[in-house]
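Fit chain B to the known structure of chain A by using the hints.
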Amino acid sequence: MTSEHADDVAEDYKRALEDLTMNSRYEISNLTVIARENTEHALAISEALKSHIKQTSSQKKLPAFYVLDSVVKNVGTPYTIFLSRGLYSTFMEAYALVDNSVRRKMDEMLKTWKEPVPGALDTRPVFPRDVTSPIENALIKARTSAIQAHQEHTRSQQQILGRGRPGPSPAPYRETPTPPNTYRQPPPPAQGYNSGYPPQQYPPPTNGQHYSNQPNGHQPYGLPPRPPSQQYPQQTASAPSWQKSQLQQGYSAPENSIDVLNSDIANLITVSKADFAQNPWDGSIQTRLKALLDLQTILQSQKLPPDQIALIKIQVAQLSEASKATPKAAPKPPTPVAAAPSQPPQQNSLSSLLGPGALAALLARQSATPQPTPPTQIRSPQIAPQAPYNPPPPAASSTPVPDPNSLLERLRAAGMLPGAPVSSTPTPLSSLPANISSGFPPPFMNTPPMPTRTPLGEIPNDVVLKTTSLKIPRPHLIASLYEKLGAPCTQCGRRFQSDAEGKKKKQAHMDWHFRVHQRMAEAEKRGQHRSWYVDELDWIRSRELEGDQNATDGDNTNGLGGASSSVASKPKLQYLPVPDDPAHASSLCPICQEKFEMKWLDEAQEFVWMDAKNVGERIYHASCYAEATNDVSNAQIRRGTPEPVLGKRKAEDEHIALRSKIKTESYW
Amino acid sequence: MNIPGLGQATPAATFSAPTIQAAIAVHDLQANSEWRFEVAYGQSIEVKILSGSAEIFGTELAINHTYTFRGTKSSIFTWHGCRIEVSGACEEYMAEETPMVTYVNTHFALEKLRDDASQTGGEGPRVLIVGPNNAGKTSLVKLLTSYAIRMGRQPMVINADSRESLLSIPGSVTATPFASILDVEQGWGSSPTSGPSPVPVKLPLCYYYGLPSPEDNIKLYKPILTRLALAAANRLADDPVIKATGMIIDTPGIISQGKGGYDLISHIVSEFAVNTILVLGSERLHSEMMRRFSTYRTSLGQTITLVKLDKSGGCVDRDETFLQQMQEAAIKEYFFGDPPKRTLSPHTQQVGFDDITVYKIQECMFPPPKHDLKAPNSMPASAINTSFLPGGEEESEQLGLYEKIEPSSMMLHCLLAVMYASTRDSHETIRDASVMGFVYVAEVDEKRKRLKILAPLNTKITDRPMVWGSWPETTSTFQTPLKNMSALYRTICFDAVYNS
Chain A
1 MTSEHADDVA EDYKRALEDL TMNSRYEISN LTVIARENTE HALAISEALK SHIKQTSSQK
61 KLPAFYVLDS VVKNVGTPYT IFLSRGLYST FMEAYALVDN SVRRKMDEML KTWKEPVPGA
121 LDTRPVFPRD VTSPIENALI KARTSAIQAH QEHTRSQQQI LGRGRPGPSP APYRETPTPP
181 NTYRQPPPPA QGYNSGYPPQ QYPPPTNGQH YSNQPNGHQP YGLPPRPPSQ QYPQQTASAP
241 SWQKSQLQQG YSAPENSIDV LNSDIANLIT VSKADFAQNP WDGSIQTRLK ALLDLQTILQ
301 SQKLPPDQIA LIKIQVAQLS EASKATPKAA PKPPTPVAAA PSQPPQQNSL SSLLGPGALA
361 ALLARQSATP QPTPPTQIRS PQIAPQAPYN PPPPAASSTP VPDPNSLLER LRAAGMLPGA
421 PVSSTPTPLS SLPANISSGF PPPFMNTPPM PTRTPLGEIP NDVVLKTTSL KIPRPHLIAS
481 LYEKLGAPCT QCGRRFQSDA EGKKKKQAHM DWHFRVHQRM AEAEKRGQHR SWYVDELDWI
541 RSRELEGDQN ATDGDNTNGL GGASSSVASK PKLQYLPVPD DPAHASSLCP ICQEKFEMKW
601 LDEAQEFVWM DAKNVGERIY HASCYAEATN DVSNAQIRRG TPEPVLGKRK AEDEHIALRS
661 KIKTESYW
Chain B
1 MNIPGLGQAT PAATFSAPTI QAAIAVHDLQ ANSEWRFEVA YGQSIEVKIL SGSAEIFGTE
61 LAINHTYTFR GTKSSIFTWH GCRIEVSGAC EEYMAEETPM VTYVNTHFAL EKLRDDASQT
121 GGEGPRVLIV GPNNAGKTSL VKLLTSYAIR MGRQPMVINA DSRESLLSIP GSVTATPFAS
181 ILDVEQGWGS SPTSGPSPVP VKLPLCYYYG LPSPEDNIKL YKPILTRLAL AAANRLADDP
241 VIKATGMIID TPGIISQGKG GYDLISHIVS EFAVNTILVL GSERLHSEMM RRFSTYRTSL
301 GQTITLVKLD KSGGCVDRDE TFLQQMQEAA IKEYFFGDPP KRTLSPHTQQ VGFDDITVYK
361 IQECMFPPPK HDLKAPNSMP ASAINTSFLP GGEEESEQLG LYEKIEPSSM MLHCLLAVMY
421 ASTRDSHETI RDASVMGFVY VAEVDEKRKR LKILAPLNTK ITDRPMVWGS WPETTSTFQT
481 PLKNMSALYR TICFDAVYNS
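One line per chain: the protein sequences are A and B, in this order.
So for the first sequence, the UniProt record's numbering puts the first residue at 1; every next one is plus one.
So for the second sequence, the UniProt record's numbering puts the first residue at 1; every next one is plus one.
Among these hints, one or two may not hold up.
[Claimed, not checked] Pairs of lysine to aspartate or glutamate, DMTMM-like flavour, derived with a Cα cap of 25 Å:
| # | chain 1 | residue 1 | chain 2 | residue 2 |
| --- | --- | --- | --- | --- |
| 1 | A | K466 | B | D116 |
| 2 | B | K332 | A | E522 |
| 3 | B | K449 | A | D511 |
| 4 | B | K48 | A | D511 |
| 5 | A | K60 | A | D19 |
| 6 | A | K105 | B | D116 |
[Unchecked claim] Which chain A residues stay away from chain B? Per the calculated CB distances, all over 10 Å, these:
| # | residue |
| --- | --- |
| 7 | H5 |
| 8 | A10 |
| 9 | A16 |
| 10 | Y26 |
| 11 | P125 |
| 12 | N461 |
| 13 | S480 |
| 14 | T490 |
| 15 | R519 |
| 16 | E524 |
| 17 | S531 |
| 18 | D535 |
No lab work stands behind these hints: they were computed from the structure.
In this text, all values refer to a predicted model and were calculated from it rather than measured experimentally.
The beta carbon of each residue, even a glycine, is placed where N, CA and C say it ideally should be.
This is chain A alone, in the form it adopts within the complex (with noise of 0.2 Å):
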C-alpha cells in the first residue's frame, strides 16, 4: 500500500512541479509543506524532485532548486540524505544547461548548502561536506580551466577571433600533454612586464616532468621556451589530493587538537579558494592554497609531535589573520614574482606560506619520517575509492586525454562555454581586447568568499517600496540579519563575523562589557550624574564609534563638555590630584571664590578637582586665572558657549557671562 502510495504522491508531486515556471515564494513554500507533510514518501518525493530537474527546461531549473534548497533547510532530514545522493549530477547537469544568472543564483545557494541551517541550532552544513564540495572543486576547476583556455585562445586566435562566441575550436592545450586543471598561465604581458622578467630563477623542476613541448605561446615574451614555474606541476598535482584529503578528512577518527587544525586549514582552504575563485589571476592566493594544500597533506599523511603541532597552529592562526586582512582587490595579472623561488615545490610553497625557517623541523621530520609522503605520491592520481558521489570527480586532471564526460565537455557541449575561453574576471584585463573580454559573460565570477560579510546586494534582495512587493515573505533574507551577522554575543546578543576581524571586534566587545561591569560597582559608589548634552557644534562634529568604544571613556566627560569623549575636538583637561591636606582641601579659587569640582579621573586613576591649576601657593580655577591672566588659550576649557557653527554667537560672550556668584550647597 505504501508503495503505491507513495507512487501517487510522487506523481502529485511532479505535477506540481511542473506548474513551477518561475520563482513563486508561495508554490515553493507550498511544495515545502507538501514535502514536510510527506516525509514518510520522502524517497519518493525526492526522486521525483531530482527527476523533474534534470528533466525540466532549463528555465525551470532554478524554481525548481529552490524547491530543493527549500525542502532540505526547511524540512531537512530525511530529505537531505535521499537529496544529496547524486546531488552532484544534478547540480553540475543543470549548472552547464543554465544561463549565467542562474549560474550565479545556484553558486549562491551552494554556498549556503555548506553553512548551517539558517536559525538552526544545529551548526552542521545543510549538506554534509563531502556532498558539496566535490561540486564546488568541479567548479573551481572548470573556471580556472576556462582561464587558462581563454588565455590560450586568446593569443594563438587573436588575430582570427573578431568578436563573440566562436564555435568549437580546437583548445590549444590539448596539446600539452598536462592536463588542463588549474594551470593558470601568464596572460600576455601588460607593459612593463619584460623588464621584470629576467631569465633566471626558473630552476629545472625537480619532479621529473618534462615541459618541452610546451606551447609556444610564450614566445611573444621575447623569452626562449623556458620550464614553467613551480606552480604548473604542484597545481597540476594537487588538484586530485584536495578531493582526497577532504574525503580523507571526513571519514578520519577525530584526533582532538589535529582535528581542530585539520578543519582551520580546511576552511582557510575553502576561504583561499573562494579567493581564488574570484581572484583568479592573483599568483599570490595562489601559491597560498597550494601551500595550504600541501600542508594539509603532510599533516594527514603523517603523526607529528605536537609540539610541531602547536608551532603549525600558530602559523595557520596567523596566516588566517592575514588571509581576512587581504583586502578583496580587483584581480591583477600575476607577476612572474609569485612563481619566482627556486627551492622544491613543496617545501617552496610551505615557506611561502609559514616563512622559511618556521617548517625546517618539519620538512626534517618529514624526510626522517620512514615512510614520508614525497611530493610525488601525492600526484598518483588516487581517486579516492570512498567517494560518495557519482560520477567520480571529473577532474580527470591526470590522464593528458580530454575525458569526455569532464565537466568542461559537458558544458562545452552544452553550448555554455565556448570552444575554449571563457573569461572569468569580474574586469577584463586590459591588456586583453576589449571585445573578446566582453564577448564572454563571465559565469563563474560570482562565488563569494564565505566569510566575510554578504552585502546584501549578493542575496536577491528584490523589495520595493510597494505595498504588494512588501507582503511576500522572503525567509532567505532573514538570514541576514541572523546567520550571515556571525555568531552573538552572549552578553547582548550583537553579533560578529567568525572572520578574523570580526574575532578582533568580538574580542574588543567583551572586553569592553568586562570593563564596564568592572566600573559599574566603583561607579555606584561614587556617584555618577549625567552628563549635559553636547552642543550643536561638538554634535556635529563627533562620530559615533563601534558603539561601545564610544562609552568607553565616559568618565573622562567632564560637565561644560559634555560627552565629549566621543568628540573629535576635545580641549586638553586641566585638573589637580585633590590635595592630600585638610587644609588645603576645602580651599576656594581666590579668584571666583568657589570651590573646585571634584570628579574622579580614569585617565589619572584618582580623584581630581578639574580645571584647577597650581599657581605658587594658591590653587586656582583654570579658566578664571586664565581670563585674569588674559590667557585665551586656556581660557577654551571653560567654554560652554562653542564656536557658532550655526548661529552667530561670539565667543566673548562667555568671557562676559562670568561666573555669578552663586552658592552651591556644599558637599565636601
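Positioned in the frame of chain A, the structure of chain B alone reads:
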C-alpha cells in the same frame, strides 16, 4: 513620582487583568509569532530566552541572558521560533498574526536604497513615519533603527514628537545617530553620564519645544524643527556612514489627524528633504498624503515614495495615566538614572531670583484643552492656527515666542530647559539654541527670593537662559526624596574621597 530605593514605599499598581503571580512560566513561540506583554509601572518581570532566536523591536536578544522589564508595553517576536522563560507578573498573550513580514521587507527595501547610496556616495533614504496616535509609529521607528544597526548602518533618528521623548525629557525634540545596540529594557538607551553604561550611550542633540502638541504654538514648533533639520543635515554632510544610511523620522500622532497637521507634515517633508513616507494604519491619511505628495519634488529633485503599512495588532491604546507615568519615568531617569542598573546622583543648588533668566513659552492664543489631546479633528483651534500660517508675521510678533518672567511659586515642581545660549541673546537665538540640560525647581522661597533647583551635575548654569514650558507636566513628588538624596550623596562622596 517615587524615587526608588529612598524609603518611599511604592504602592503596588492594581491589576484587573489576569496575571501570573511571580511564577516562572515557559512559553514556546512558533516561528513568526509574537509574545506581547504589558508590565505596569512599579512592577517588573524577568525574561530569558532559553533557545531559538528572539527580538524586541528588531533588537536581537541574547540567549540565557536575563532581561528585566518594568513599566512597559512591549513584545518579543521570533522569526525562527524560540522558548522563553518569564518570571513575574504581567499581562501577556501570544499573537501569530503580525505585520512583521511587511516591516522587515520595508527594512530590506530601505537597505537596498542604502546600498545604492553607499556605492554612489549619495544619500540614504530619509524616511518619515506618519500615522495617528497609538498606531505603532515609534515601535516601527525602533524596529527599522535596530535592523539598520544590525546591518552595520548608522541611522539618524529624529523624534519630532514632543509628547514622548527619545533619550531626553518630554517636551524636547531630538536628533540622535544610532551606531550601537538599543537598550531593550529601557527602550532606546541612555544619553551620556559620568559613569560606565552597560549598554553604549547615545548622543542626542536636543531642542526644547516645551508643549505637548505642535499646534499649541506652531510658530515655535516649526522653526525648532527647521533648526533640528539644519543641524541633522550638517551632521549628515560630514558623516558618510550616517549619510548613506539616512534618516528615520518619528512624528506626533496628532499631525496625522487633521488639516493643520497635514501642513506640518508638509513642513517636515520639506525641511528634512524626506523622500520616503510610511503611512501607518490610516487609509484616509494615506490618500491625503497621496494627494499632497504624488507630484511633489524634494529639494533634491526626488519624488516621494509613499507606502501604506498595516498597523500591528499589538498596538494598544495608552491612556493618559500611562502616558503620565511614562513621562514621569523619563524625568526620573534623566536625574536619577535607571536603578538598579545605574543610579545617578543629581545635584541641588540654591540660586537667587535675580541670578537666573527664565523665559516662559507663549502658548497659542487658542490653546487646545489640555486633556483633550486625542480629539484634535473636531477642534476649532487647529483650523484657526493654520489660518494664520502663511503670512502671520504680525501675529507672531504680537504673540512672541517667550516672555521673560520673574521666578515665582508658579514654577514650583516645573522643569526648565537650560539652553546653550547667553542670557543676552534674542528670543530667536534662544529658540534656535540646543538644550544643555534640564533642571527641576524643587523649592521656591518667595520671601527670600531664592530657588532650590535640582540639576544633573554641579556646574554653573546661571549664565544661561532657561526656558519654561508647560510640558512636561510634573508632579511634586521629587521633594521629599531630594533631601535624602543630597544627604546620601554627600556621605558617599565624602567616604569616597577620604577612604580611598
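Do the alpha carbons of K48 of chain B and D511 of chain A lie within 25 Å of each other, as the hint requires? The hint holds at about 23 Å.
Decide if the proposed pair is consistent with the structure: K332 of chain B and E522 of chain A, CA atoms, cutoff 25 Å inclusive. holds, 22 Å
Is the claim that Y26 of chain A lies outside the interface with chain B correct, judged by CB distances over 10 Å? At roughly 13 Å from the nearest Cβ of chain B, Y26 of chain A sits farther out than 10 Å, so the non-interface label holds.
Non-interface claim for T490 of chain A: all C-beta distances to chain B beyond 10 Å? Contrary to the label, T490 of chain A does not stay out of reach of chain B, its closest Cβ about 6 Å off (not over 10 Å).
Outside-interface status for A16 of chain A - nearest CB in chain B farther than 10 Å: holds, 23 Å
Is it the case that E524 of chain A keeps its Cβ farther than 10 Å from each residue Cβ in chain B? Label violated. Min Cβ-Cβ 6 Å, cutoff 10 Å.
Non-interface claim for D535 of chain A, where every Cβ of chain B lies beyond 10 Å: Per Cβ check, D535 of chain A is inside 10 Å of chain B; nearest 4 Å; violated.
Verify that the Cβ of N461 of chain A lies farther than 10 Å from every Cβ atom of chain B, and report whether the claim holds or is violated. Given a closest Cβ separation of 5 Å, the condition is violated.
Beyond 10 Å from every Cβ of chain B: is that where the Cβ of R519 of chain A lies? violated, 4 Å
A10 of chain A and chain B, when compared Cβ to Cβ, separated by more than 10 Å: Answer for A10 of chain A: holds, closest chain B Cβ roughly 28 Å.
Sort out whether D19 of chain A lies within 25 Å of K60 of chain A, counting only the CA atoms. holds, 9 Å
Separation of S480 of chain A from chain B, once the least beta-carbon distance is taken, above 10 Å: Violated, because the least Cβ-Cβ distance between S480 of chain A and chain B comes to about 7 Å, which does not exceed 10 Å.
Consistency note: the structure conflicts with the earlier hints numbered 3, 12, 13, 14, 15, 16, 17, 18.
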